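Colleague: Below, each chain spelled out in residue letters.
Number of protein chains: 2
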Amino acid sequence: MKVIRDAEEMRRWSRGQLAARRSIGLVPTMGALHAGHTSLVDASVAADDVTVVSIFVNPAQFAPHEDYETYPRDFDEDCAKVETLGGTLIYAPTAESMYSKDYATYVEVERLQEGLCGGARPHFFRGVATVVAKLFNTVLPDRAYFGEKDGQQAAIIRRMVRDLEFGVEIVTMPTVREADGLAMSSRNAYLSPGERERALSISRALLEARETLEAGERKAERILAPVRKALSSLEIDYIALVDADELTPVDRIEGRVMLAIAAQIGKTRLIDNIQFDAGRKKESVPKPSKTSRVGPTER
Amino acid sequence: MKVIRDAEEMRRWSRGQLAARRSIGLVPTMGALHAGHTSLVDASVAADDVTVVSIFVNPAQFAPHEDYETYPRDFDEDCAKVETLGGTLIYAPTAESMYSKDYATYVEVERLQEGLCGGARPHFFRGVATVVAKLFNTVLPDRAYFGEKDGQQAAIIRRMVRDLEFGVEIVTMPTVREADGLAMSSRNAYLSPGERERALSISRALLEARETLEAGERKAERILAPVRKALSSLEIDYIALVDADELTPVDRIEGRVMLAIAAQIGKTRLIDNIQFDAGRKKESVPKPSKTSRVGPTER
Numbered sequence: 000m001k002v003i004r005d006a007e008e009m010r011r012w013s014r015g016q017l018a019a020r021r022s023i024g025l026v027p028t029m030g031a032l033h034a035g036h037t038s039l040v041d042a043s044v045a046a047d048d049v050t051v052v053s054i055f056v057n058p059a060q061f062a063p064h065e066d067y068e069t070y071p072r073d074f075d076e077d078c079a080k081v082e083t084l085g086g087t088l089i090y091a092p093t094a095e096s097m098y099s100k101d102y103a104t105y106v107e108v109e110r111l112q113e114g115l116c117g118g119a120r121p122h123f124f125r126g127v128a129t130v131v132a133k134l135f136n137t138v139l140p141d142r143a144y145f146g147e148k149d150g151q152q153a154a155i156i157r158r159m160v161r162d163l164e165f166g167v168e169i170v171t172m173p174t175v176r177e178a179d180g181l182a183m184s185s186r187n188a189y190l191s192p193g194e195r196e197r198a199l200s201i202s203r204a205l206l207e208a209r210e211t212l213e214a215g216e217r218k219a220e221r222i223l224a225p226v227r228k229a230l231s232s233l234e235i236d237y238i239a240l241v242d243a244d245e246l247t248p249v250d251r252i253e254g255r256v257m258l259a260i261a262a263q264i265g266k267t268r269l270i271d272n273i274q275f276d277a278g279r280k281k282e283s284v285p286k287p288s289k290t291s292r293v294g295p296t297e298r
Numbered sequence: 000m001k002v003i004r005d006a007e008e009m010r011r012w013s014r015g016q017l018a019a020r021r022s023i024g025l026v027p028t029m030g031a032l033h034a035g036h037t038s039l040v041d042a043s044v045a046a047d048d049v050t051v052v053s054i055f056v057n058p059a060q061f062a063p064h065e066d067y068e069t070y071p072r073d074f075d076e077d078c079a080k081v082e083t084l085g086g087t088l089i090y091a092p093t094a095e096s097m098y099s100k101d102y103a104t105y106v107e108v109e110r111l112q113e114g115l116c117g118g119a120r121p122h123f124f125r126g127v128a129t130v131v132a133k134l135f136n137t138v139l140p141d142r143a144y145f146g147e148k149d150g151q152q153a154a155i156i157r158r159m160v161r162d163l164e165f166g167v168e169i170v171t172m173p174t175v176r177e178a179d180g181l182a183m184s185s186r187n188a189y190l191s192p193g194e195r196e197r198a199l200s201i202s203r204a205l206l207e208a209r210e211t212l213e214a215g216e217r218k219a220e221r222i223l224a225p226v227r228k229a230l231s232s233l234e235i236d237y238i239a240l241v242d243a244d245e246l247t248p249v250d251r252i253e254g255r256v257m258l259a260i261a262a263q264i265g266k267t268r269l270i271d272n273i274q275f276d277a278g279r280k281k282e283s284v285p286k287p288s289k290t291s292r293v294g295p296t297e298r
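Note that the protein sequences, when read in sequence, are chains A and B.
When you number the first sequence by numbering that gives the first Met the number 0, it's gap-free, plus one each residue, and the end is 298.
When you number the second sequence by numbering that gives the first Met the number 0, it's gap-free, plus one each residue, and the end is 298.
No wet-lab data here; the hints were simulated from the structure.
Be aware that one or more of the hints could be misleading.
Unchecked claim - Here are some chain A residues pointing at chain B (derived, C-beta under 8 angstroms):
#  : residue
1  : M0
2  : R4
3  : A6
4  : R10
5  : E109
6  : R110
7  : L111
8  : N136
9  : M159
10 : D162
11 : S191
12 : Y237
Computed from a predicted model, the values in this text were never measured in an experiment.
Idealized CB from N, CA, C, for every residue including glycine.
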């Protein structure tokens, strides 16, 4: 498996691909690859001429008390997986080369980075946005692939790409689940059998909520109440029903929404979500009514 | 003169240039082009295969009480100048296309954006860094040109490019001055004849300080005191002698330093600086002394 560790070499390689008019797909990962990552690599291999998988456990998105040191790492195994999947190369820069001692520059996606996981992890998303900007500038992808499971992250990256005009197409792929419904995550490895059993209630509650949405329920509270009840024995960080782009809570289900959950299971923080498209959002045009006749002298 | 206003069209044009292996120079401006800008365009025309001059009065770098509305604008005159200088095209996006109503993403260069002009203009440099990142992502330059007169800006852009790995070479060109020494600035047009006369004391003090530096003075206070005295009748925002990269105040002149001044002349805020290279900075290696013998049992 071809591995590049140096940013300049990476950019040179990518410029060569672009000069040869080959499209570049990027799958940014922190390694410890599982079936969720596999679906992203598969999508890129199918769509792009070359597929770069980046493997970088990004210190900027971990708080000091979090699991940066213990985050699962298995570089050789990851390389073997990417090779089997048909990925073209692995970009694996070092933390020292990514963040010099006098490192100073961060990308902030205001508002979107503040709610949901941003509450418990206030510097998390600026770390994510910053490292993704760096990877885009080095790998020069045409498309980049993210999992729907990290729903807030995907919304933030989409917004960053639009606002900073990165010219990269963001592709999000559906959450891959274990046979019992648990969303794939590198952090699932931390769970004891008992914790894992308790964690299952999250995906069960989400999948039941999806059925309620599919049955036509459009009041947010009617979706949220049963989820809160089902998870009442867990240590919940948040249960939120938000607009999938703005990440602001909704009262009624319109347009694309996300029902997102974060919970602490023992020492492990898990997140999961479902996304649902209720069809075109109604424009907030004032309806004509008896009290709002607009006459020629009004503006 | 070829003018592009649409970001997608701009990127398509630049991709075409890169595919044809032509190097792209970018001169980012807010228009109202003067001899300072001319030197940047000249440098790019000499070094790059194609030269893009962006003209965009960037609302994100003006505070509500500042001169965004009244900032000098003369698009036709600017186009004629760029054409005469041999620039290839003008990129002039609209404010609405650059900043949508739900715009959320900003590039922050911490520490460097806080001192000097960052004190009086707390959101200025994030506005600058953000718009330059957007221009880089759209124009895809190999080199970008900035004036030394905006010394803090140049240091911030260099740091941003290094940290976010933009792969753009930043070229800074010496400050261009009027015959009487006043640094060229689009805002000089605001000055009454009397104000202009008072403004001259800034460049005079800087040029005298440069002579003192060139004569070998290495104590910061001996440089600063005469400048403060010469400008005591002006409304000074700051007079600072800083490391040219870190922008932190220095006591002794070592390495590359910047003596920077900001002053309010009537309603006009003017900045100017000189930069001076005192040669290689001494490494801060602890000297051996009687009290610091490191024995085998010490670490």
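Colleague: State for each hint whether it applies.
Modeller: Structure-based check of each hint:
1. M0: 23 angstroms, violated
2. R4: This hint is violated: R4 (chain A) lies away from chain B, its Cβ roughly 14 angstroms from the closest one there, beyond 8 angstroms.
3. A6: It holds, given that the least Cβ distance between A6 (chain A) and chain B is near 6 angstroms, below 8 angstroms.
4. R10: Holds: closest Cβ of chain B sits about 5 angstroms from R10 (chain A), inside 8 angstroms.
5. E109: 5 angstroms, holds
6. R110: Holds - the Cβ of R110 (chain A) comes within 8 angstroms of chain B, reaching about 6 angstroms at its closest.
7. L111: Since the shortest Cβ distance to chain B is 6 angstroms, the answer is holds.
8. N136: 5 angstroms, holds
9. M159: Nearest chain B Cβ about 5 angstroms off; hint holds.
10. D162: 4 angstroms, holds
11. S191: Status violated, d = 39 angstroms.
12. Y237: 20 angstroms, violated
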